[in-house]
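Top line first, the protein sequences correspond to chains A and B. Under our numbering, think of the first position of the first sequence as 79, with each following residue one higher. Under our numbering, think of the first position of the second sequence as 79, with each following residue one higher.
Any given hint could be a false lead.
Copies of the same chain look alike in the list, so a pair counts if it works inside one copy or between any two.
With a straight-line cut-off of 20 Å between C-alpha atoms, the simulated SDA-like cross-links for lysine to any residue are [what the hints assert, rightly or not]:
{"no.": "1", "residue 1": "K133", "residue 2": "R121"}
{"no.": "2", "residue 1": "K131", "residue 2": "A120"}
{"no.": "3", "residue 1": "K131", "residue 2": "E119"}
{"no.": "4", "residue 1": "K103", "residue 2": "S173"}
{"no.": "5", "residue 1": "K133", "residue 2": "A122"}
{"no.": "6", "residue 1": "K131", "residue 2": "G85"}
{"no.": "7", "residue 1": "K131", "residue 2": "R181"}
{"no.": "8", "residue 1": "K212", "residue 2": "G244"}
{"no.": "9", "residue 1": "K103", "residue 2": "P225"}
{"no.": "10", "residue 1": "K133", "residue 2": "E167"}
{"no.": "11", "residue 1": "K103", "residue 2": "D224"}
{"no.": "12", "residue 1": "K133", "residue 2": "D92"}
{"no.": "13", "residue 1": "K212", "residue 2": "T248"}
{"no.": "14", "residue 1": "K131", "residue 2": "R121"}
{"no.": "15", "residue 1": "K169", "residue 2": "R89"}
{"no.": "16", "residue 1": "K169", "residue 2": "S114"}
{"no.": "17", "residue 1": "K131", "residue 2": "D84"}
The set of hints was computed from the structure by calculation and includes no laboratory data.
2 protein chains.
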Amino acid sequence: MALAYDGAIQRLIDAFSALPGIGPKGAQRIAFHLLSAPEDEARALIDAISEVKQKVRFCDVCGNVCETSPCPVCMDPRRDHTVICVVEEPKDIMSIERTREYRGLYHVLGGAINPMANVGPADLNIPKLLDRLKTDEVKEVILALDPNIEGEATTTYLSRLLSPLGIRVTRLASGLPVGGDLEYADEVTLGRALEGRRDA
Amino acid sequence: MALAYDGAIQRLIDAFSALPGIGPKGAQRIAFHLLSAPEDEARALIDAISEVKQKVRFCDVCGNVCETSPCPVCMDPRRDHTVICVVEEPKDIMSIERTREYRGLYHVLGGAINPMANVGPADLNIPKLLDRLKTDEVKEVILALDPNIEGEATTTYLSRLLSPLGIRVTRLASGLPVGGDLEYADEVTLGRALEGRRDA
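Working from the sequences, and respecting the hints, build out all of it.
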């Protein structure tokens, strides 16, 4: 007996190990789970994967994931078409939707400027954003990028790019997370919270 | 827009969330990874799942996972057929094989006695073990169950069951893990290490 599993099991472990966030032990656990799971459960997983690959596309307007293009958000007449919120990834849209605070449109960049990973402005979905801003309709662009170095760089880049267009460009507030503890806030966050202080 | 993803993506996230060790955030990450992954990668995962469900069976003799029954270990004439190592799960066989210290056969119980989860001796693959011990060939049974409450209970149960058969019944040694630190050993482990001390 070799020190790897029999063909099919090892191939399944390898396939799961290749997914983000799953290590060899986790992949082994999932493989044995599927092995003893009812046929239906394995079938449901297979169907879900192939359905996503067949049906899900990116919206031609905003770059969000969707089954119809333009996506339901872009097509929704009840949403505020004068505001576009720029995010890095489609999953960020879900995070903002969960706040129930925003009723405008979105634009997915598909990443952030990251010289270390060779991602420059040309690799992002910026030309389509500029096309969308050519209409008179849009009054404000909210830059909602991740609060890290790459997100900051992208925010600065877009802010400079968009400000000559005469559209209001805003960014998310930095500060203390709600429910957090002052003692455990890092200096940069606490500094931003001081800088952005408001009348109480 | 609802607070869940469009149909197909949400179904894929749900299918991955149902797997052991994957939470909602991890499932979302995997779903978006598969969405933008090349068709080949998704296809490889689908094929690996269906191949395992089609090909992999449990060995009729020892209960190990295999593509042929009896499994390659049971059929291997170079292995020592006078020793059977009893384990809880097929993955434990791989752990023992990795030590390269053992050349005997295996027997998979399919779990351990756990009254809290309603698993009793009748739910384990014990009758087949007794059948295997009826031949004159087997001289020793090594009980290699997990060193926790359920494993201990199962070890005690099997030890009482097998000792009247006149076969040597052994269990794995308890003690300090190699590479560990005495200071961080728990009292029970340290107690076992003292109890099982050997001449240096």
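Status of each hint after checking the structure:
{"no.": "1", "hint": "K133 <-> R121", "result": "both (18 Å within a copy, 15 Å between copies)"}
{"no.": "2", "hint": "K131 <-> A120", "result": "both (17 Å within a copy, 8 Å between copies)"}
{"no.": "3", "hint": "K131 <-> E119", "result": "both (19 Å within a copy, 11 Å between copies)"}
{"no.": "4", "hint": "K103 <-> S173", "result": "between (30 Å within a copy, 11 Å between copies)"}
{"no.": "5", "hint": "K133 <-> A122", "result": "both (16 Å within a copy, 18 Å between copies)"}
{"no.": "6", "hint": "K131 <-> G85", "result": "between (26 Å within a copy, 13 Å between copies)"}
{"no.": "7", "hint": "K131 <-> R181", "result": "neither (29 Å within a copy, 46 Å between copies)"}
{"no.": "8", "hint": "K212 <-> G244", "result": "within (11 Å within a copy, 89 Å between copies)"}
{"no.": "9", "hint": "K103 <-> P225", "result": "between (32 Å within a copy, 19 Å between copies)"}
{"no.": "10", "hint": "K133 <-> E167", "result": "within (19 Å within a copy, 39 Å between copies)"}
{"no.": "11", "hint": "K103 <-> D224", "result": "between (31 Å within a copy, 17 Å between copies)"}
{"no.": "12", "hint": "K133 <-> D92", "result": "between (26 Å within a copy, 17 Å between copies)"}
{"no.": "13", "hint": "K212 <-> T248", "result": "within (18 Å within a copy, 79 Å between copies)"}
{"no.": "14", "hint": "K131 <-> R121", "result": "both (15 Å within a copy, 9 Å between copies)"}
{"no.": "15", "hint": "K169 <-> R89", "result": "between (29 Å within a copy, 15 Å between copies)"}
{"no.": "16", "hint": "K169 <-> S114", "result": "between (32 Å within a copy, 13 Å between copies)"}
{"no.": "17", "hint": "K131 <-> D84", "result": "between (29 Å within a copy, 13 Å between copies)"}
Checked against the numbered hints listed earlier, the structure breaks hint 7 alone; every other hint is satisfied.
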